[in-house]
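Colleague: Note that the protein sequences, when read in sequence, are chains A and B.
Following the numbering used here, the numbering of the first sequence begins with 12 at its first residue and continues without gaps.
Following the numbering used here, the numbering of the second sequence begins with 12 at its first residue and continues without gaps.
Some clues are possibly wrong.
If several chains are the same, the list does not tell them apart, and a pair holds so long as it fits within one copy or across any two.
[Said to hold, decoys possible] Under the rule of at most 25 Å between Cα atoms (straight-line distance), these lysine to any residue pairs were calculated in the SDA-like manner: (1) K14 x V347; (2) K428 x R489; (3) K173 x A329; (4) K479 x R489; (5) K105 x E441; (6) K411 x T365; (7) K14 x I301; (8) K211 x G167; (9) K411 x E315; (10) K188 x P482; (11) K14 x A135; (12) K211 x D287; (13) K14 x A334; (14) K479 x S129; (15) K428 x A466; (16) K479 x P462; (17) K188 x M12; (18) K479 x T417; (19) K211 x A255; (20) K411 x E375; (21) K428 x R459.
Just so you know, the hints here were simulated from the structure itself, not pulled from any lab data.
Protein chains: 2
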Amino acid sequence: MPKAALIGGGVIGGGWAARFLLNGWDVALFDPDPQAERKVAEVLANARASLPALSDVPMPDEGRLTFASSIENAVEDTDYIQESVSERLDLKHKVYTEIQAVTPNTPLGSSTSGYRPSQLQEGATNPASIFVAHPFNPVYLLPLVELVPSAVCAPGTIGRAKEILRSLGMYPLHVRKEIDAHIADRFLEAVWREALWLVKDGVATTEEIDEAIRMGFGLRWGQMGLFETYRIAGGEAGMRHFLAQFGPCLTWPWTKLMDVPEFNDDLVELIAGQSDAQSGHLSIRELERIRDANLVGFLRVLKERDWGAGRVLLDHDASRRAATPDPTPDSAGPLVMAHMQVLPGWIDYNGHMTESRYLFASSETTDAFLRFIGAGMDYVAAGHSYYTAETHIMHLGEAKLGDRLTGSVQVLGADEKRLHVFIRIEREGEPVATLEQMLLHVDMTAGRACPAAPAVLARLLPIAEAHKTLPRPAAVGRHVGQRKT
Amino acid sequence: MPKAALIGGGVIGGGWAARFLLNGWDVALFDPDPQAERKVAEVLANARASLPALSDVPMPDEGRLTFASSIENAVEDTDYIQESVSERLDLKHKVYTEIQAVTPNTPLGSSTSGYRPSQLQEGATNPASIFVAHPFNPVYLLPLVELVPSAVCAPGTIGRAKEILRSLGMYPLHVRKEIDAHIADRFLEAVWREALWLVKDGVATTEEIDEAIRMGFGLRWGQMGLFETYRIAGGEAGMRHFLAQFGPCLTWPWTKLMDVPEFNDDLVELIAGQSDAQSGHLSIRELERIRDANLVGFLRVLKERDWGAGRVLLDHDASRRAATPDPTPDSAGPLVMAHMQVLPGWIDYNGHMTESRYLFASSETTDAFLRFIGAGMDYVAAGHSYYTAETHIMHLGEAKLGDRLTGSVQVLGADEKRLHVFIRIEREGEPVATLEQMLLHVDMTAGRACPAAPAVLARLLPIAEAHKTLPRPAAVGRHVGQRKT
Numbered sequence: 012m013p014k015a016a017l018i019g020g021g022v023i024g025g026g027w028a029a030r031f032l033l034n035g036w037d038v039a040l041f042d043p044d045p046q047a048e049r050k051v052a053e054v055l056a057n058a059r060a061s062l063p064a065l066s067d068v069p070m071p072d073e074g075r076l077t078f079a080s081s082i083e084n085a086v087e088d089t090d091y092i093q094e095s096v097s098e099r100l101d102l103k104h105k106v107y108t109e110i111q112a113v114t115p116n117t118p119l120g121s122s123t124s125g126y127r128p129s130q131l132q133e134g135a136t137n138p139a140s141i142f143v144a145h146p147f148n149p150v151y152l153l154p155l156v157e158l159v160p161s162a163v164c165a166p167g168t169i170g171r172a173k174e175i176l177r178s179l180g181m182y183p184l185h186v187r188k189e190i191d192a193h194i195a196d197r198f199l200e201a202v203w204r205e206a207l208w209l210v211k212d213g214v215a216t217t218e219e220i221d222e223a224i225r226m227g228f229g230l231r232w233g234q235m236g237l238f239e240t241y242r243i244a245g246g247e248a249g250m251r252h253f254l255a256q257f258g259p260c261l262t263w264p265w266t267k268l269m270d271v272p273e274f275n276d277d278l279v280e281l282i283a284g285q286s287d288a289q290s291g292h293l294s295i296r297e298l299e300r301i302r303d304a305n306l307v308g309f310l311r312v313l314k315e316r317d318w319g320a321g322r323v324l325l326d327h328d329a330s331r332r333a334a335t336p337d338p339t340p341d342s343a344g345p346l347v348m349a350h351m352q353v354l355p356g357w358i359d360y361n362g363h364m365t366e367s368r369y370l371f372a373s374s375e376t377t378d379a380f381l382r383f384i385g386a387g388m389d390y391v392a393a394g395h396s397y398y399t400a401e402t403h404i405m406h407l408g409e410a411k412l413g414d415r416l417t418g419s420v421q422v423l424g425a426d427e428k429r430l431h432v433f434i435r436i437e438r439e440g441e442p443v444a445t446l447e448q449m450l451l452h453v454d455m456t457a458g459r460a461c462p463a464a465p466a467v468l469a470r471l472l473p474i475a476e477a478h479k480t481l482p483r484p485a486a487v488g489r490h491v492g493q494r495k496t
Numbered sequence: 012m013p014k015a016a017l018i019g020g021g022v023i024g025g026g027w028a029a030r031f032l033l034n035g036w037d038v039a040l041f042d043p044d045p046q047a048e049r050k051v052a053e054v055l056a057n058a059r060a061s062l063p064a065l066s067d068v069p070m071p072d073e074g075r076l077t078f079a080s081s082i083e084n085a086v087e088d089t090d091y092i093q094e095s096v097s098e099r100l101d102l103k104h105k106v107y108t109e110i111q112a113v114t115p116n117t118p119l120g121s122s123t124s125g126y127r128p129s130q131l132q133e134g135a136t137n138p139a140s141i142f143v144a145h146p147f148n149p150v151y152l153l154p155l156v157e158l159v160p161s162a163v164c165a166p167g168t169i170g171r172a173k174e175i176l177r178s179l180g181m182y183p184l185h186v187r188k189e190i191d192a193h194i195a196d197r198f199l200e201a202v203w204r205e206a207l208w209l210v211k212d213g214v215a216t217t218e219e220i221d222e223a224i225r226m227g228f229g230l231r232w233g234q235m236g237l238f239e240t241y242r243i244a245g246g247e248a249g250m251r252h253f254l255a256q257f258g259p260c261l262t263w264p265w266t267k268l269m270d271v272p273e274f275n276d277d278l279v280e281l282i283a284g285q286s287d288a289q290s291g292h293l294s295i296r297e298l299e300r301i302r303d304a305n306l307v308g309f310l311r312v313l314k315e316r317d318w319g320a321g322r323v324l325l326d327h328d329a330s331r332r333a334a335t336p337d338p339t340p341d342s343a344g345p346l347v348m349a350h351m352q353v354l355p356g357w358i359d360y361n362g363h364m365t366e367s368r369y370l371f372a373s374s375e376t377t378d379a380f381l382r383f384i385g386a387g388m389d390y391v392a393a394g395h396s397y398y399t400a401e402t403h404i405m406h407l408g409e410a411k412l413g414d415r416l417t418g419s420v421q422v423l424g425a426d427e428k429r430l431h432v433f434i435r436i437e438r439e440g441e442p443v444a445t446l447e448q449m450l451l452h453v454d455m456t457a458g459r460a461c462p463a464a465p466a467v468l469a470r471l472l473p474i475a476e477a478h479k480t481l482p483r484p485a486a487v488g489r490h491v492g493q494r495k496t
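Produce the entire structure from the sequences given, and follow the hints as far as they go.
Modeller: Laid out in structure tokens, this is it:
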């Protein structure tokens with residue numbers, strides 16, 4: 012199992028720990044803060060409640076977390092090192108010296124928001140293995156990591172770092188030219204400065220500013236960035252029209268170009284007081300959980316649409332699926348066709364899986380079975396499909412958020428046009444629901460039943476034959492309200 | 012029916028037209044562009060494919076759109092006027108003079124991105140009725156509208172404008188102090204300036220910049236703004252800790268504070284060329300539809316969680332539901348309990364409603380029925396609920412995106428503990444699915460069946476009695492695969 016060393020266990024270091032551990036890496040973490048263990052455990056609890064909800068592939072077994080007593084102990088025998096200590100260059104240099112005294116060649120990423128890699132490398136034993144890997148909070152959910160090498164970085168090290176970060180489901184953005192604050196934080200800094208002026212000048216409160224962001228352009232920026240958004244805003248004439256229209260505004264007095272507000276106690280109190288009024292009714296942990304649930308929702312939306320950050324998730328699933336292919340199911344018994352986990356969008360206000368999601372889990376299982384017998388997407392695209400005509404559901408248990416479910420198929424009967432199946436949705440071997448279904452093979456253009464393709468029947472009929480020997484489930488042939496026999 | 016006059020029918024004016032029309036307002040639009048009708052029709056088509064998907068209350072009948080031959084004709088007998096012409100102050104003044112020659116007291120909002128209301132009011136017949144109402148593209152989906160009055164504005168006019176904008180499902184953010192570019196565009200301007208420098212200096216391409224936004228902080232800003240996000244980033248110590256940590260960075264050389272890049276043809280070509288390479292494989296209309304689907308997804312996520320922009324949608328639904336209460340269903344026949352529309356998240360890759368959504372539509376119907384007999388959320392919170400034990404579904408038709416569905420309940424039988432129902436999910440009076448269900452009344456704490464509360468039975472049993480006279484549907488008592496009789 013691969014192993015990462017993390018130096019610093021604050022909000023960012025803890026987020027890295029969660030990212031690595033939940034993706035199956037062992038982690039050795041060093042942080043002199045006596046509270047570090049508790050803090051990391053809390054970040055990890057948040058991550059466990061959200062990150063798995065992004066995956067449609069079973070998560071790997073969680074890695075082992077150890078707290079090291081020193082930097083030396085932490086970095087021994089590791090494949091990757093990430094430094095997330097405070098933003099003080101002298102401190103970072105000291106940490107790198109200690110690390111590289113033990114292991115000078117291990118890829119060593121820094122979470123720095125502002126320093127350039129060349130600055131980080133000053134005086135290092137091996138500058139070539141030090142680079143910026145700047146993530147965004149919450150590290151366990153947001154895919155972006157700015158990967159910034161300097162000219163002296165070993166290309167092999169950077170390539171390896173990218174590979175590792177991708178294997179964690181992240182999106183390493185290779186920043187080709189090192190500058191202070193890389194790319195994203197330049198924008199955050201510019202917005203932050205304007206926001207401080209607006210608060211200081213009494214134009215808007217922190218809450219009004221937040222609404223101005225999240226009710227409008229914030230929603231746009233979660234799925235397209237600045238330029239693609241403006242390309243659309245130009246209307247049919249596109250980007251050049253937009254530039255012609257808005258380019259000149261740059262010299263208008265819209266922003267406080269020349270000034271930096273004085274950062275004194277008065278300003279701190281003004282902002283902190285307004286922030287308390289806005290968000291103080293929720294604890295930081297509550298806010299984190301709300302944020303995480305929202306981000307999971309956004310990311311799932313994008314994943315459904317194969318767009319932006321959602322595409323990163325799909326790629327990550329695909330690479331993990333390729334690494335651990337589903338075992339060929341054994342046709343002698345019911346075929347386990349689907350592995351699922353109960354996602355936040357599947358539960359009701361009581362925390363139970365909603366009724367319709369049992370049928371959804373069954374559909375996922377049947378879809379996997381249809382792919383297995385050669386009647387998947389390509390078959391449908393060519394004009395034929397199996398349609399469900401009739402379903403009977405027995406609700407036998409309650410699945411809850413995070414539960415891992417399996418879906419299996421027992422073929423009760425099959426001929427050229429009909430497919431009669433029994434689906435079990437199980438949690439730890441116990442059924443939470445069973446479903447009996449009759450599917451019809453249809454010509455989608457003609458809109459009527461027709462025989463399935465010979466290749467499909469050649470896969471289906473032997474399974475039906477083999478399943479004839481299986482015991483017939485008691486629920487088969489039941490009608491609603493029938494007395495149990 | 013209320014009526015709005017819109018002056019200017021570009022991307023923004025067209026978006027306003029969609030917002031008003033789909034919320035049941037009549038609209039008179041004036042735009043001298045001979046292409047205006049076609050362009051507005053295209054924006055309207057996008058809006059019709061997305062805005063209704065945000066609503067869980069039936070949309071009102073769409074208003075009537077007319078194209079006026081002059082400003083004078085457009086503004087006659089209207090309740091609200093919105094100006095969305097080009098950002099030229101002299102042009103805006105000329106438009107206001109023409110408007111106010113006809114109707115000086117009608118609320119007159121301007122879509123201006125940058126001008127202050129005092130500037131807009133200069134030389135006006137009635138300055139008191141002119142204000143800034145600055146929306147964000149796409150106007151039909153994003154709730155934010157910055158409402159900026161000047162000191163001379165009539166408070167009654169501003170109050171009325173807020174009311175109207177809220178009735179359109181928007182979030183009017185009252186900007187209390189007028190400044191150039193209001194609030195949100197100051198941030199957009201600051202980010203835009205930084206982005207132009209990054210492109211010009213060859214640090215990043217337009218695509219890399221967009222990824223730096225949408226893979227990271229853009230996702231955060233769609234659900235919390237700047238300050239609430241940073242409050243969390245401070246960890247347990249909150250806002251003051253964050254400020255102490257990052258405040259000093261303001262004076263670091265992270266942003267190009269002092270300069271504005273020269274906006275010449277070279278820069279335009281550089282940006283437009285990179286934008287073509289990034290997004291040119293998709294037409295503007297395709298990009299718009301992708302954006303709209305993503306935004307609908309985000310907004311539905313927030314609506315499910317009663318958070319941010321989602322709360323605006325919930326409030327809008329609630330106010331429309333209160334304005335047109337569901338008629339008390341007539342217990343003599345099957346009770347029509349739910350009106351639904353097939354949403355983008357309900358369909359599969361073929362554009363058909365997915366199998367599990369028929370059960371979902373049925374659950375919505377049953378839930379409404381349970382509320383109707385007094386076994387709603389409060390009843391559940393107090394520890395009792397009806398659980399579905401068994402379901403039989405007949406799939407009879409295919410619902411498609413945007414179809415309007417109704418769900419009705421016929422009570423087949425009921426006693427103290429059991430509720431046996433037949434649900435019809437219909438489109439234009441034809442069933443797309445029918446469901447037979449047996450529900451059990453349970454004590455959720457004890458985890459076993461128990462008699463329902465007397466108040467619930469007092470509502471339920473008379474309905475069951477009345478429904479005894481209804482014909483028994485043929486599908487009742489069927490088992491899967493049974494021959495049709």
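Colleague: Each of the hints needs a verdict: does it hold here or not?
Modeller: Against the structure, the hints come out as follows:
1. In this assembly of identical chains, the alpha carbons of K14 and V347 never lie at most 25 Å apart, being 32 Å within a copy and 59 Å across copies at closest.
2. Within a single copy, K428 and R489 get their C-alpha atoms as close as 23 Å, and across copies as close as 21 Å, so both meet the 25 Å cut-off.
3. With identical chains, the CA atoms of K173 and A329 are at most 25 Å apart within one copy only, with a shortest distance of 17 Å there and 48 Å across copies.
4. In this assembly of identical chains, the alpha carbons of K479 and R489 lie at most 25 Å apart whether taken from the same copy (19 Å) or from different copies (24 Å).
5. Taking the shortest Cα distances, K105 and E441 never come within 25 Å of each other, neither inside one copy (55 Å) nor across copies (75 Å).
6. When the C-alpha separation of K411 and T365 is checked against a cutoff of 25 Å, the pair qualifies both within a copy, at 9 Å, and between copies, at 23 Å.
7. For the identical chains of this complex, K14 and I301 are neighbours neither inside a copy (31 Å) nor across copies (40 Å), given an alpha-carbon limit of 25 Å.
8. Within a single copy, K211 and G167 get their C-alpha atoms no closer than 48 Å, and across copies no closer than 29 Å, so neither meets the 25 Å cut-off.
9. In the homo-oligomer, the alpha carbons of K411 and E315 lie at most 25 Å apart both inside one protomer (22 Å) and across protomers (18 Å), since each shortest distance falls under that limit.
10. For a Cα distance limit of 25 Å, the shortest separation of K188 from P482 qualifies neither inside one copy, at 67 Å, nor across copies, at 76 Å.
11. Proximity of K14 and A135 under a CA criterion of 25 Å is satisfied intra-copy only: 23 Å inside one chain copy versus 71 Å between copies.
12. In this assembly of identical chains, K211 and D287 lie within 25 Å of each other by CA distance solely inside one copy; the values are 16 Å within and 40 Å between copies.
13. Taking the shortest alpha-carbon separations for K14 and A334, only the intra-copy value of 18 Å comes in at or below 25 Å, while the best inter-copy value is 61 Å.
14. With identical chains, the CA atoms of K479 and S129 are never at most 25 Å apart, being 70 Å at best within one copy and 83 Å at best between copies.
15. In this homomeric assembly, K428 and A466 come within 25 Å of each other (Cα to Cα) only inside a single copy, at 14 Å, whereas the closest approach across copies is 50 Å.
16. In this assembly of identical chains, K479 and P462 lie within 25 Å of each other by CA distance solely inside one copy; the values are 21 Å within and 42 Å between copies.
17. Neither within a single protomer nor between protomers do K188 and M12 lie at most 25 Å apart by alpha-carbon distance, with minima of 34 Å and 59 Å respectively.
18. Taking the shortest Cα distances, K479 and T417 sit within 25 Å of each other inside one copy (22 Å), while across copies they are farther apart (41 Å).
19. For the homomeric pair K211 and A255, the shortest alpha-carbon distance between copies (17 Å) is at most 25 Å, but the shortest distance inside one copy (33 Å) is not.
20. In this homomeric assembly, K411 and E375 come within 25 Å of each other (Cα to Cα) both inside a single copy, at 18 Å, and across copies, at 20 Å.
21. In the homo-oligomer, the alpha carbons of K428 and R459 lie at most 25 Å apart inside one protomer (10 Å), although the nearest pairing across protomers, at 42 Å, exceeds that limit.
Checked against the numbered hints above, the structure violates hints 1, 5, 7, 8, 10, 14 and 17; every other hint is satisfied.
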